[in-house]
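Colleague: With the hints as extra help, turn the sequences into a complete structure.
Residue numbers (our numbering), protein chains in the order written: chain A, 1 to 267; chain B, 1 to 292.
Hints should not be assumed to be uniformly reliable.
[Stated by the list, open to error] Here are the simulated lysine-lysine pairs, DSS-like style, with alpha carbons at most 30 angstroms apart:
{"id": "1", "chain 1": "A", "residue 1": "K179", "chain 2": "B", "residue 2": "K84"}
{"id": "2", "chain 1": "A", "residue 1": "K179", "chain 2": "B", "residue 2": "K124"}
{"id": "3", "chain 1": "A", "residue 1": "K201", "chain 2": "B", "residue 2": "K124"}
{"id": "4", "chain 1": "A", "residue 1": "K73", "chain 2": "B", "residue 2": "K76"}
{"id": "5", "chain 1": "A", "residue 1": "K201", "chain 2": "B", "residue 2": "K181"}
{"id": "6", "chain 1": "B", "residue 1": "K77", "chain 2": "A", "residue 2": "K179"}
{"id": "7", "chain 1": "B", "residue 1": "K181", "chain 2": "A", "residue 2": "K182"}
{"id": "8", "chain 1": "A", "residue 1": "K179", "chain 2": "B", "residue 2": "K20"}
{"id": "9", "chain 1": "A", "residue 1": "K179", "chain 2": "B", "residue 2": "K116"}
{"id": "10", "chain 1": "B", "residue 1": "K192", "chain 2": "A", "residue 2": "K182"}
{"id": "11", "chain 1": "B", "residue 1": "K84", "chain 2": "A", "residue 2": "K201"}
{"id": "12", "chain 1": "B", "residue 1": "K58", "chain 2": "A", "residue 2": "K73"}
{"id": "13", "chain 1": "B", "residue 1": "K116", "chain 2": "A", "residue 2": "K182"}
{"id": "14", "chain 1": "B", "residue 1": "K20", "chain 2": "A", "residue 2": "K62"}
{"id": "15", "chain 1": "A", "residue 1": "K182", "chain 2": "B", "residue 2": "K124"}
{"id": "16", "chain 1": "A", "residue 1": "K182", "chain 2": "B", "residue 2": "K20"}
{"id": "17", "chain 1": "A", "residue 1": "K179", "chain 2": "B", "residue 2": "K236"}
{"id": "18", "chain 1": "A", "residue 1": "K201", "chain 2": "A", "residue 2": "K179"}
{"id": "19", "chain 1": "A", "residue 1": "K182", "chain 2": "B", "residue 2": "K164"}
[As the list claims (entries may be wrong)] Label pairs and their in silico Cβ distance ranges:
{"id": "20", "chain 1": "A", "residue 1": "V260", "chain 2": "B", "residue 2": "D25", "range": "55 to 65 angstroms"}
{"id": "21", "chain 1": "B", "residue 1": "P73", "chain 2": "A", "residue 2": "V259", "range": "47 to 57 angstroms"}
{"id": "22", "chain 1": "B", "residue 1": "T75", "chain 2": "A", "residue 2": "G153", "range": "51 to 61 angstroms"}
{"id": "23", "chain 1": "B", "residue 1": "T75", "chain 2": "A", "residue 2": "I170", "range": "28 to 38 angstroms"}
{"id": "24", "chain 1": "B", "residue 1": "E128", "chain 2": "A", "residue 2": "A218", "range": "51 to 61 angstroms"}
{"id": "25", "chain 1": "A", "residue 1": "A166", "chain 2": "B", "residue 2": "R240", "range": "39 to 49 angstroms"}
{"id": "26", "chain 1": "A", "residue 1": "H157", "chain 2": "B", "residue 2": "G67", "range": "37 to 47 angstroms"}
{"id": "27", "chain 1": "A", "residue 1": "G235", "chain 2": "B", "residue 2": "T75", "range": "50 to 60 angstroms"}
{"id": "28", "chain 1": "A", "residue 1": "F18", "chain 2": "B", "residue 2": "G67", "range": "53 to 63 angstroms"}
{"id": "29", "chain 1": "A", "residue 1": "G232", "chain 2": "B", "residue 2": "R240", "range": "48 to 58 angstroms"}
{"id": "30", "chain 1": "A", "residue 1": "F18", "chain 2": "B", "residue 2": "Y12", "range": "23 to 33 angstroms"}
[To be verified] Stretch-level coverage of chain B by chain A, calculated; a stretch enters the list once three of its residues show a Cβ under 8 angstroms from a Cβ in chain A:
{"id": "31", "stretch": "49-62"}
{"id": "32", "stretch": "87-94"}
{"id": "33", "stretch": "230-238"}
For the record, the hints were derived by calculation from the structure and aren't laboratory data.
Backbone N, C-alpha and C define an ideal beta-carbon position, used for all residues, glycine too.
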Amino acid sequence: MSILQNFTLGQFVPSDSFVHRLDPRSKFLFLLVYAVVVFLSNQIWLYAVFTAILIFSLRLSKLSLAYIFRGLKPVWFLLVFTIILQLFLTKGGEVYVQWGWFSIEEDGVRQAFFIAMRLGLIVVMSSLLTLTTSPMDLTDGIEKMLGPFKKIGLPVHELALMLSIAIRFIPTLLEETDKIMKAQMSRGANFESGGMISRAKAMIAIVIPLFVSAFRRAEDLALAMEARGYRGDVGRTKLRQLAFSYRDGLVIVFMILMVVAVGVWRV
Amino acid sequence: MQISFENVSYVYGKGTPFEKAAISDVSFSIPSGSFVGVIGQTGSGKSTLIQHVNGLLKPSAGTIRVGEIAITPETKKVHSLRSKVGLVFQYPEHQLFEETVIQDVMYGPLNFDLPKDLAYQRAKEALEIVGLPFEEIKDRSPFHLSGGQMRRVAIAGVLAMQPKVLVLDEPTAGLDPAGRKAILNGIYQIHKAEQLTTLLVTHSMEEVARYADQLLVLANGRVAMQGTPEEVFSKKEELRELALDVPETVSFVHRLNERLPKDQQLSPTLYKEEDLTAYLLTLLQQKKGEGR
Ligand SMILES: Nc1ncnc2c1ncn2[C@@H]1O[C@H](COP(=O)(O)OP(=O)(O)OP(=O)(O)O)[C@@H](O)[C@H]1O
Ligand SMILES: [Mg+2]
Numbered sequence: 001m002s003i004l005q006n007f008t009l010g011q012f013v014p015s016d017s018f019v020h021r022l023d024p025r026s027k028f029l030f031l032l033v034y035a036v037v038v039f040l041s042n043q044i045w046l047y048a049v050f051t052a053i054l055i056f057s058l059r060l061s062k063l064s065l066a067y068i069f070r071g072l073k074p075v076w077f078l079l080v081f082t083i084i085l086q087l088f089l090t091k092g093g094e095v096y097v098q099w100g101w102f103s104i105e106e107d108g109v110r111q112a113f114f115i116a117m118r119l120g121l122i123v124v125m126s127s128l129l130t131l132t133t134s135p136m137d138l139t140d141g142i143e144k145m146l147g148p149f150k151k152i153g154l155p156v157h158e159l160a161l162m163l164s165i166a167i168r169f170i171p172t173l174l175e176e177t178d179k180i181m182k183a184q185m186s187r188g189a190n191f192e193s194g195g196m197i198s199r200a201k202a203m204i205a206i207v208i209p210l211f212v213s214a215f216r217r218a219e220d221l222a223l224a225m226e227a228r229g230y231r232g233d234v235g236r237t238k239l240r241q242l243a244f245s246y247r248d249g250l251v252i253v254f255m256i257l258m259v260v261a262v263g264v265w266r267v
Numbered sequence: 001m002q003i004s005f006e007n008v009s010y011v012y013g014k015g016t017p018f019e020k021a022a023i024s025d026v027s028f029s030i031p032s033g034s035f036v037g038v039i040g041q042t043g044s045g046k047s048t049l050i051q052h053v054n055g056l057l058k059p060s061a062g063t064i065r066v067g068e069i070a071i072t073p074e075t076k077k078v079h080s081l082r083s084k085v086g087l088v089f090q091y092p093e094h095q096l097f098e099e100t101v102i103q104d105v106m107y108g109p110l111n112f113d114l115p116k117d118l119a120y121q122r123a124k125e126a127l128e129i130v131g132l133p134f135e136e137i138k139d140r141s142p143f144h145l146s147g148g149q150m151r152r153v154a155i156a157g158v159l160a161m162q163p164k165v166l167v168l169d170e171p172t173a174g175l176d177p178a179g180r181k182a183i184l185n186g187i188y189q190i191h192k193a194e195q196l197t198t199l200l201v202t203h204s205m206e207e208v209a210r211y212a213d214q215l216l217v218l219a220n221g222r223v224a225m226q227g228t229p230e231e232v233f234s235k236k237e238e239l240r241e242l243a244l245d246v247p248e249t250v251s252f253v254h255r256l257n258e259r260l261p262k263d264q265q266l267s268p269t270l271y272k273e274e275d276l277t278a279y280l281l282t283l284l285q286q287k288k289g290e291g292r
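Modeller: Below, the structure is given as structure tokens:
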């Protein structure tokens, strides 16, 4: 994948670090709680603690920092955009800079800082989840956690299956796109320059073959599943059972401490 | 056009945990007008190598020369190279997209700014080379053809650009024997007629024995052997170690020579099926003549 190789956002990296070996459910729960407490906090020093927790988790995962941050490239733009919006549009408190009707005020700076920290911390923590959890474990975890909702008629198994198929086929589709792009480029297609119309026309040469192959794949997959006796959720057992270990216990205890601390110190 | 690779390496996913060196320090040179068979085990780097010839992949290190054009890791513009090097991918039928066969075949020539009537003319010729009945097929949808016909249309789409260098990545994979032969014969004819330089990637030793005059053997992303088919096929043991085999004809000659007396040994140049059968026929007819 030469052309699309920057799309590494959250792609699973196999390894056997502490974080990799956690049960997906505890990772999910931790991420959820972390996101909530990060959002509710309004003390600058608490954000120092959250950043420390994040750095500690990253260390535990043994992933290379450069790789993690490269995968976040698409998010930078969003982050900078929100910071600028907050900086200029939130009014109140002391005025720092003033050019005509244009001003940066104390509350704006404060808000921009909080938003940046919140988004940044949560995005990195969530990419840590997908980087250290195989898609299989991820969807198994989701299915298990949503299990209780089956009683009220939510098609949990089907949702989890759809999700896992979607995740499974993202790299395949990217590869396919790359291959088709290369094939059309070999026939002189130019996706990089030219006007709007010529570029849109060039895209057709990618989109149509891509759709054709996606449908063919979907049909093949459905057929292969039926041929191997897939009949939905009923009576289906799992090859790999999820199980909690002492590691998950540690994470849960840590999580409770975190919630209590934030509850006490939040003013 | 002459093609040469000078210490070319390519690494997929550089700087990620999925980093993978697909070819390393590859150097070789192909004279203009030769028909080169590129062989090697699955994953040995054949597809990666050939994508460098028209600049789809830029080398991580090293230089590729195609005629006068050089490609280095810094090269930006490659559009002119693409009109000179036609590349047929593995399963090229997956790249078809136009409403009709003729439009799809004309896609390449039109991209290189050929006038419509000339593009049409070239498309017609290309479809005839790959053995498709032009009038019958030109207005049909490419998606309603059989797999083999789609493959031929896709190959015609590259031939219609009238490249000077033709690169084919397993063009016959998954076809029936007659279809394989027909397609390759068409390609071989155009190779001779237009004096193309052709690279054929294949897993079939029979195919390289029949068409190639040069062989390039890859193993683990490196050039393991290069030479004429005769030279390469004489190193049977080395090929074995690379999980490759010699063609049936070569092992036949080998086994026959074990039984024949010293003065009647068959020459190792008889690796083409036609040559071998022709030789054996004359030999048998001679014997019959003597017997009478
Ligand atoms: N898009 C890619 N991303 C990462 N690695 C790749 C990619 N394409 C190929 N590789 C790796 O590079 C190596 C060479 O692959 P390549 O496709 O060139 O082999 P090949 O000789 O064409 O094999 P085959 O005969 O199966 O077509 C393989 O180890 C493969 O896993
Ligand atoms: Mg290949």
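Colleague: Now tell me if each hint is right for this structure.
Modeller: Hints and how they fare:
A C-alpha spacing of about 20 angstroms is found between K179/A and K84/B, which places the hinted pair at or below 30 angstroms, so the restraint holds. Pair hint K179/A plus K124/B holds up; C-alpha atoms about 27 angstroms apart against a cutoff of 30 angstroms. Between K201/A and K124/B the CA atoms are separated by roughly 24 angstroms; this keeps the pair inside 30 angstroms, and the hint holds. Proposed proximity of K73/A and K76/B is supported: the alpha carbons are some 23 angstroms apart, at most 30 angstroms.
Taking the CA atoms of K201/A and K181/B, the gap is near 36 angstroms; set against the 30 angstroms cutoff, the hint is violated. Distance hint between K77/B and K179/A is fulfilled; the C-alpha atoms sit about 20 angstroms from each other, no more than 30 angstroms. Note on K181/B and K182/A: the hinted pairing holds, with a Cα-Cα distance of about 27 angstroms set against a maximum of 30 angstroms. For the suggested pair K179/A and K20/B, the alpha carbons sit about 18 angstroms apart, so the restraint of at most 30 angstroms is met.
About 27 angstroms separates the Cα atoms of K179/A and K116/B, which keeps this hinted pair within 30 angstroms; it holds. For the given pair, K192/B sits about 27 angstroms from K182/A by alpha-carbon distance, which is consistent with the 30 angstroms threshold. About 23 angstroms separates the Cα atoms of K84/B and K201/A, which keeps this hinted pair within 30 angstroms; it holds. Restraint check: the Cα-Cα separation between K58/B and K73/A comes to about 23 angstroms, which is no more than 30 angstroms; the hinted pair holds.
Distance check on the hinted pair: K116/B and K182/A sit about 24 angstroms apart at the alpha-carbon level, within 30 angstroms; holds. About 20 angstroms separates the Cα atoms of K20/B and K62/A, which keeps this hinted pair within 30 angstroms; it holds. Our distance criterion of 30 angstroms between C-alpha atoms is met by K182/A and K124/B, whose separation comes to about 24 angstroms. Restraint check: the Cα-Cα separation between K182/A and K20/B comes to about 20 angstroms, which is no more than 30 angstroms; the hinted pair holds.
Note on K179/A and K236/B: the hinted pairing is violated, with a Cα-Cα distance of about 35 angstroms set against a maximum of 30 angstroms. Straight-line distance between C-alpha atoms of K201/A and K179/A comes to about 18 angstroms, which keeps the hinted pair within the 30 angstroms bound. Straight-line distance between C-alpha atoms of K182/A and K164/B comes to about 19 angstroms, which keeps the hinted pair within the 30 angstroms bound. Between V260/A and D25/B the C-beta distance comes to about 59 angstroms, which sits within the given range of 55 to 65 angstroms.
At about 52 angstroms, the CB distance of P73/B to V259/A agrees with the hint of 47 to 57 angstroms. As the Cβ distance of T75/B to G153/A is approximately 59 angstroms, the hint placing it in 51 to 61 angstroms holds. Here the CB-CB span from T75/B to I170/A is close to 31 angstroms, well matched to the stated 28 to 38 angstroms. Taking the beta carbon of each, E128/B and A218/A are about 36 angstroms apart, not inside 51 to 61 angstroms as hinted.
Distance hint for A166/A and R240/B: a CB-CB separation of about 45 angstroms, consistent with the stated range 39 to 49 angstroms. With their beta carbons about 59 angstroms apart, H157/A and G67/B fall outside the hinted range of 37 to 47 angstroms. The hinted window of 50 to 60 angstroms between G235/A and T75/B holds, with their beta carbons roughly 59 angstroms apart. Distance hint check for F18/A and G67/B: the Cβ-Cβ separation is about 56 angstroms, which falls inside the suggested range of 53 to 63 angstroms.
Distance hint check: the CB atoms of G232/A and R240/B are about 50 angstroms apart, consistent with the given range 48 to 58 angstroms. Checking the proposed 23 to 33 angstroms range against F18/A and Y12/B shows it holds: the Cβ atoms sit about 29 angstroms from each other. With 4 residues having a Cβ less than 8 angstroms from any Cβ of chain A, the stretch 49-62 of chain B passes the three-residue criterion, so the hint holds. Look at the stretch 87-94 of chain B against chain A: 4 of its residues bring a Cβ nearer than 8 angstroms to a Cβ of that chain, three or more, so the hint holds.
Residues of the stretch 230-238 of chain B lying with their CB closer than 8 angstroms to a CB of chain A number 0, which falls below the three-residue condition for coverage.
Checked against the numbered hints above, the structure violates hints 5, 17, 24, 26, 33; every other hint is satisfied.
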